[in-house]
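Peer 1: Line by line, the protein sequences are chains D and U.
Quick note: the first sequence uses this note's numbering, first residue 1084, plus one each step.
Quick note: the second sequence uses this note's numbering, first residue 1084, plus one each step.
Derived from the structure by calculation, the hints contain no laboratory data.
There's no promise every hint is true.
Just so you know, same-sequence chains aren't split out, so a pair can sit in one copy or run between any two.
Pairs of lysine to any residue residues, derived as SDA-like cross-links and limited to a Cα-Cα distance of at most 25 Å, are as follows [stated by the list, open to error]:
#1 1410 to 1372
#2 1291 to 1126
#3 1325 to 1107
#4 1291 to 1387
#5 1410 to 1373
#6 1281 to 1380
#7 1123 to 1176
#8 1281 to 1376
#9 1325 to 1256
#10 1281 to 1189
#11 1281 to 1295
#12 1325 to 1171
#13 1410 to 1302
#14 1325 to 1362
#15 1410 to 1317
#16 1410 to 1187
#17 1281 to 1172
#18 1410 to 1217
#19 1410 to 1236
#20 1325 to 1311
#21 1410 to 1216
#22 1410 to 1162
#23 1281 to 1263
#24 1123 to 1226
Protein chains: 2
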Amino acid sequence: MSPTAYYVGLDVGGTSMKASVVDETGNAARSVSLPTEAFKGQELGLARMAEVIRRAIASAGRQQRDIAGIGVATPGTMDIPAGVILDPPNLRPWQNVPVRHYIQETFGIPTTFQNDANAAALGEFWVGAGREVRSLVMFTLGTGIGGGIILFDRVVEGKHSHGAEIGHMKIEMTNPRQCGCGRWGCLEAYASATAVVKRAREALAADKVSSRLQEVVSQTDAELTARAVFETAAAGDALAAKLVDETAYYLAVGAMNMMHIIDPEMVVFGGGMIAAGETFLNRIRGYVRQMAFPVLAEHTQIRYAQLGSDAGFIGAAACARLLVNGKL
Amino acid sequence: MSPTAYYVGLDVGGTSMKASVVDETGNAARSVSLPTEAFKGQELGLARMAEVIRRAIASAGRQQRDIAGIGVATPGTMDIPAGVILDPPNLRPWQNVPVRHYIQETFGIPTTFQNDANAAALGEFWVGAGREVRSLVMFTLGTGIGGGIILFDRVVEGKHSHGAEIGHMKIEMTNPRQCGCGRWGCLEAYASATAVVKRAREALAADKVSSRLQEVVSQTDAELTARAVFETAAAGDALAAKLVDETAYYLAVGAMNMMHIIDPEMVVFGGGMIAAGETFLNRIRGYVRQMAFPVLAEHTQIRYAQLGSDAGFIGAAACARLLVNGKL
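Please take these sequences and the hints and turn them into a complete structure.
Peer 2: As structure tokens, this is what we get:
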């Protein structure tokens, strides 16, 4: 492999799409971004993907002929081997969008396609929190809970492109919360940012104890966020602290289950919620130590992600690199 | 690969150890068995492993020089890469037994070592229920619940030899049953044969409804077994039927979780409990269809294992084959 091989990673999100040129060692040039505006339709969406790729190449001072491969990551339901977005909730009204074929034909460059949470996990594995381990499971904590599993230097895509939907492992049977997906008792229904807010509202409605969260709710006109819950807990509020502690417990259940199922070298937490900081991570670690098999409790590394919102396009580039190297 | 390559698979259990010569296509010669008698100590145990391997080779009409590789599978805690049994509950008082080294030195033949449930999964993948799929998750239903995961043609051993301890995924937080492992809410605490019996006893103690299970208990001097519960249910007893139905539900939760996490092409159930037959499997399938993501509910195959108690030594031989072919 030439030391001067370059890849383009493109991460298409509900709000914006970001692309960057990434070299063989995982160094990413400054990324270029355009609004996704899915509502304008998928033809425009595909054209815009091509445009942001072109701009990323130009911005990095490269030319198309320098690019060995392109990787595209998107959210939502998909057929990964076919390279098609099927019916993504975050990209309405797109349906059956032949992303990989379009990009590959447009540029004449080998192109690969991946789920965005899987790509983020591969990015962290390549040059992020997991760069020194051989296997990892990543939880992406946001509105929902996404995930990615890297084993044997590969992404666990699953037979039906549903690999690592780890937010939808069922962790409660007796008194399950309903998840955004419609199912009952999913991890996501307990520990996503959405779930934190929902649990906070329930606690405020039920609890007679006064909490600064009530002020938050009244001040910001019901704009209660997970971040506000974490900040209020950090400021010493007992109810908020309880909500944060329970969230750490739920995430520890998720982490422990993945440790008992996959036994990865590292569990990585990424996404907006890791703004909660090291204290929160240590609570998760504490519960894992209490609950997991002793060997795993002692040895499995539990870390925060390091690449932030760059993980998606870096991981997409990593997918392109695997493709070009014949390892996909 | 020569069509005449032969491997020896050895499956060491708590009661007996079984070995067989297996050819390149997965055909196994009639197996040879000796009692394990772990209580006699690990030196005798190792010598007996060598003896049963010798007898298996002789019984198959082969000679040592015909054998390309040996695979040994054992239960309990282990260090798979080191080839060492650590502290196996079913093989007391063995501790830190260097199985792979001993067998390899004794025969001068490349030897590999694996967890028995992992080996069984690889056996089913090679020539059993999963012989036409590319990935599978297997649940082994017995006194406990073991498991094996086959992905990318490899066994998911885990970083700390704890891969596929899927009986110990936590599926209940509010009102968890205690598991034999000491933890709370593990799948095994709900759906193992031991758990079925425990739940039956609780139901008999709590329920005012008369059940033929009461006769079973009185007739057999409290020798209530999971098999008796399934048979009593098949004979039309309502309480036993409820216990069986709940067991199917718990196993469906486990299967669904693995489908959402790994998204394998097939989920396989093996072990003694599959004597319950096709009706029980269809109940599991029914609950999976109700609970899993639609694409997975529709497409993921859910089957019973086909190799019975031969899966362990066939899978151990499959491990040896991977070793010899440089794929471990």
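Peer 1: Which hints, by number, does the structure contradict?
Peer 2: Hint check: 1, 2, 3, 4, 5, 6, 10, 12, 13 and 15 fail, others pass.
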